[in-house]
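Listed below are the residues making up each chain.
6 protein chains.
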Amino acid sequence: MPVVQVHLKAGRTVDEKRQLVTRITDALVDVCDSNRDRVHVIIDEVTEESWGRGGKLLSEQDGAPPGTS
Amino acid sequence: MPVVQVHLKAGRTVDEKRQLVTRITDALVDVCDSNRDRVHVIIDEVTEESWGRGGKLLSEQDGAPPGTS
Amino acid sequence: MPVVQVHLKAGRTVDEKRQLVTRITDALVDVCDSNRDRVHVIIDEVTEESWGRGGKLLSEQDGAPPGTS
Amino acid sequence: MPVVQVHLKAGRTVDEKRQLVTRITDALVDVCDSNRDRVHVIIDEVTEESWGRGGKLLSEQDGAPPGTS
Amino acid sequence: MPVVQVHLKAGRTVDEKRQLVTRITDALVDVCDSNRDRVHVIIDEVTEESWGRGGKLLSEQDGAPPGTS
Amino acid sequence: MPVVQVHLKAGRTVDEKRQLVTRITDALVDVCDSNRDRVHVIIDEVTEESWGRGGKLLSEQDGAPPGTS
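Residue numbers (my numbering), protein chains in the order written: chain A, 1 to 69; chain B, 1 to 69; chain C, 1 to 69; chain D, 1 to 69; chain E, 1 to 69; chain F, 1 to 69.
Some hints here could point you the wrong way.
In the DSSO-like style, the derived pairs of lysine-lysine whose C-alpha atoms are separated by at most 27 Å in a straight line are [what the hints assert, rightly or not]:
#1 K9(E) x K56(C)
#2 K9(D) x K56(A)
#3 K56(A) x K9(F)
#4 K9(F) x K56(F)
#5 K56(D) x K9(C)
Per label pair, the in silico range of CB-to-CB distance [claimed, not checked]:
#6 T47(E) x T13(D): 39 to 47 Å
#7 D26(A) x A10(B): 20 to 28 Å
#8 D37(B) x D62(F): 45 to 53 Å
Anything over 10 Å on all C-beta distances counts as not near chain E; from chain A, calculated [what the hints assert, rightly or not]:
#9 V14
#10 Q19
#11 D26
#12 S59
In case anyone wonders, no lab produced these hints; they're calculated from the structure.
We put the beta carbon where it would ideally sit given N, CA and C, even for glycine.
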């Protein structure tokens with residue numbers, strides 16, 4: 001029955017979304033014995049101008065190194 | 001005072017949104033005696049590539065028959 | 001397929017929740033031709049100390065008249 | 001650690017978003033002693049056709065005067 | 001950077017929540033190359049009287065067989 | 001018109017909530033010229049057993065120093 005909402009930085013490929021949905025669904029089925037057919041995963045992509053962390057927009061963070069997405 | 005958020009598959013017309021807003025608002029006014037002017041309904045349309053059910057993206061579900069939207 | 005989240009002031013009875021769920025589901029089935037069995041409605045009750053409007057907590061609003069819930 | 005989601009009518013400039021993020025983050029750091037670096041603010045812009053108030057879409061409200069956004 | 005919100009039927013143990021958090025975080029790190037330390041997972045447990053499916057509260061669904069949670 | 005939802009670690013006092021509501025509302029009025037009376041702020045307190053960061057529940061993070069809430 002679970003409903004999962006994922007907020008992510010925009011720019012994921014369809015294949016990445018497909019993998020995310022599968023793995024998050026698997027987790028709920030395995031851990032909570034959820035009915036697979038009733039697990040919903042909604043991916044909400046957010047642009048860097050609409051997401052702030054530490055008081056700054058992501059688009060204005062200082063030199064983000066790899067692996068900080 | 002209620003705030004309602006509706007996640008829907010993308011592709012609704014303005015008229016469908018108008019009807020949804022009216023009927024959901026009516027429900028809250030009738031059932032909960034909410035102040036009509038303070039009922040908010042936010043419709044969030046989600047593409048088929050960003051919604052998973054049963055571990056698969058909606059865009060990849062097997063032959064969805066009519067009435068499964 | 002829709003998922004609806006309703007934020008309401010705490011204190012609804014089970015019967016009020018039942019009516020809300022039925023009427024919101026009906027709206028989605030009638031207006032959007034949604035598959036009834038796949039409509040989810042999640043009711044999230046919020047206390048008056050955790051909801052602000054107009055810069056004040058609901059618990060501290062000036063003399064709220066009837067019908068302002 | 002806080003995560004803040006802001007639903008706003010679409011049409012904000014990047015500068016307005018930047019100011020919102022800064023001020024909301026400041027509020028959480030000052031009031032709750034939150035770790036600044038861990039405050040997330042996600043801005044979700046909603047079109048006037050997808051937001052209802054008082055049973056009507058924002059795009060169809062009667063003559064909205066200034067300051068009603 | 002992702003923020004994940006999971007709506008679940010109430011009644012999970014701490015161990016189940018721990019496993020869910022780990023597996024959902026792993027999925028985001030593996031699939032999206034997210035910075036592990038910045039992945040947030042918020043679990044929101046919902047009672048059966050506050051969740052409707054198919055127009056009925058979960059507390060009033062007809063004989064739910066095992067594996068339908 | 002804005003609707004703000006704040007996810008916070010549980011344990012805030014009413015006075016902290018009052019201050020948060022006031023300051024977040026002020027930010028929206030000042031930055032976006034929002035109608036003060038229509039700004040909603042909903043505070044959703046989350047227990048340490050229901051919030052994960054970095055793949056671990058907050059209740060199990062290693063020695064959190066001051067200012068990490």
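Hint by hint, here is what the structure shows:
no.: 1; hint: K9(E) x K56(C); in the structure: violated (32 Å)
no.: 2; hint: K9(D) x K56(A); in the structure: holds (21 Å)
no.: 3; hint: K56(A) x K9(F); in the structure: holds (22 Å)
no.: 4; hint: K9(F) x K56(F); in the structure: holds (15 Å)
no.: 5; hint: K56(D) x K9(C); in the structure: holds (22 Å)
no.: 6; hint: T47(E) x T13(D): 39 to 47 Å; in the structure: holds (42 Å)
no.: 7; hint: D26(A) x A10(B): 20 to 28 Å; in the structure: holds (26 Å)
no.: 8; hint: D37(B) x D62(F): 45 to 53 Å; in the structure: holds (50 Å)
no.: 9; hint: V14; in the structure: holds (12 Å)
no.: 10; hint: Q19; in the structure: violated (5 Å)
no.: 11; hint: D26; in the structure: violated (8 Å)
no.: 12; hint: S59; in the structure: holds (12 Å)
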